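Since the structure of chain A is already known, use the hints to place chains B and C on it.
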Amino acid sequence: MEQMFSKLKFITNGEGFIDISNDLNLLIKENKFCSGIINLTSLHTSCSLTINENADPNVLKDLKKYMQSIVPYDSYASLSRNKEEVFYEHYQEGADDMPAHIKTSLTNINLCLSFQKSKIILGIWQSIYLWEHRFEKKERSISVHLIGEKCPNIYNRI
Amino acid sequence: MEQMFSKLKFITNGEGFIDISNDLNLLIKENKFCSGIINLTSLHTSCSLTINENADPNVLKDLKKYMQSIVPYDSYASLSRNKEEVFYEHYQEGADDMPAHIKTSLTNINLCLSFQKSKIILGIWQSIYLWEHRFEKKERSISVHLIGEKCPNIYNRI
Amino acid sequence: MEQMFSKLKFITNGEGFIDISNDLNLLIKENKFCSGIINLTSLHTSCSLTINENADPNVLKDLKKYMQSIVPYDSYASLSRNKEEVFYEHYQEGADDMPAHIKTSLTNINLCLSFQKSKIILGIWQSIYLWEHRFEKKERSISVHLIGEKCPNIYNRI
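Protein chains in written order, with this note's numbering: chain A, 17 to 174; chain B, 17 to 174; chain C, 17 to 174.
Quick caveat, the hints were computed from the structure, so don't treat them as lab data.
Note that the coordinates shown come from a computational prediction; the quantities given were computed from them, not determined experimentally.
Watch out, some of these pointers could steer you wrong.
For chains that are exact copies, the list does not tell them apart, and a pair is met inside one copy or across any two.
No farther apart than 27 Å at their CA atoms in a straight line, the calculated lysine-lysine pairs in the DSSO-like style are these [stated by the list, open to error]: (1) LYS48 <-> LYS25; (2) LYS23 <-> LYS153; (3) LYS23 <-> LYS48; (4) LYS135 <-> LYS166; (5) LYS23 <-> LYS80; (6) LYS135 <-> LYS48.
Looking at chain A on its own, in the form it has when it is part of the complex (with noise of 0.2 Å):
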């Protein structure tokens, strides 16, 4: 079994999904690793990896509206008043800041996966998002970790 380091970086664009199933099925495959085990971390405290459906973008839609809804924004810290007053003690970065903290500690940062024929497993609705919990435009970092079989060099054998 052999191993391998990586880093992907994505800009995420506010709150949202980014859909990073195909860059590290490409990762796998340029990498030339053909069965074993792709472990992601995220190295943020607010965004997470979630995998659900790639179907009907509503899923990810109402996914979204569900956790702002159990995860109130800051009312000290926002601009608008118009809500229920929330005070949280970690606020210093705006109305979103410690809310992307609980988001990310009620959802994953760490996934680890099995691919096979350099194709990570997953049922066929499923994709691995990038789950941005910031209003700002981020440059996102996930650790990548293969360890696995290489695949065979057939071309070496003509």
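Just chains B and C now, kept in the frame of chain A:
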């Protein structure tokens, strides 16, 4: 180190839990893996994997009841109107459709567990559960991936 | 690749967080593992593992306060009656019994992290926390499983 890929199928019976710990330990034993990791991925977006108490069945009952209380069913898709109105935009498969996706992201779809002496390392009160979030009976597939050392073949030595 | 199994014990002091990052890095170093994965499983059903901010202690304070707000204590088991009535069916060990099980399933019991140069790959603001959900002091065991490459033994070369 060696690896092995498999899939386990379970028939669920509406919202609730199936203890899959024994099936997983059996798979490890039958494949003669001695020590390593067992990587589990639920291949669906409306059921999850969780580890919780295996002694008092009321724990699972309360866990389900709690999750129903913080993730309300869609009253638009629901027949019953006697509750707070909730309108998800993704509701095509019924009142439990979007709630099931949300519950999945609030819990886990992926667990990477360690095993030794062909047995998953868990506390005595812990079991691994497949947690069904849909109302209807479903066939569910769990990807099971073993990486580790095989057991020494004692019988061959005789 | 080699593997090693260990257990780390921690004494918690009521609801709250213990930063276990240094203990884990030390274990990797002492066992001369250079690169690989460290697989963590909390062997309990009423405490969890989470990764969150290590800079402002108010983050952990708010995180705990938030979790208490969405998972109410059992008022039936609780001495205090001055709150919304909550009746869990599993309450034998007190007002924090069932809430602790719920908080455990809403966060993580298992983390699989990558390490390189004998150090867990994390962002600079991230620490790994053991999150105690019970009121009382408890002894908690975390299963720690290392898989990876050992460090080259430099001293032997001299």
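Practice problem: Measure nothing new, just compare the shortest in-copy and cross-copy C-alpha distances for LYS48 and LYS25 to 27 Å and report within, between, both or neither. | Solution: within (21 Å within a copy, 30 Å between copies)
Self-check item: Identical-chain pair category, LYS135 with LYS166, by Cα at 27 Å
Solution: both (13 Å within a copy, 25 Å between copies)
Exercise. If the cutoff is 27 Å on CA atoms, where do LYS23 and LYS48 land: within, between, both or neither? Let me know, please.
Key: Classified as both: same-chain Cα gap 17 Å, cross-chain 24 Å, threshold 27 Å.
Practice problem: Pop the pair LYS23 and LYS153 into one bin, within, between, both or neither, using alpha-carbon distances up to 27 Å. | Solution: Within. Shortest intra-copy distance 19 Å satisfies the 27 Å Cα cut-off; inter-copy 39 Å does not.
Quiz item: What label fits LYS23 with LYS80 when the C-alpha limit is 27 Å: within, between, both, or neither?
Solution: Classified as within: same-chain Cα gap 26 Å, cross-chain 31 Å, threshold 27 Å.
Quiz item: Quick one: LYS135 to LYS48, C-alpha cut-off 27 Å, is that within a copy, between copies, both, or neither?
Solution: Answer is both: 11 Å inside a copy and 26 Å across each meet the 27 Å cutoff.
The earlier numbered hints are all upheld by this structure, with none contradicted.
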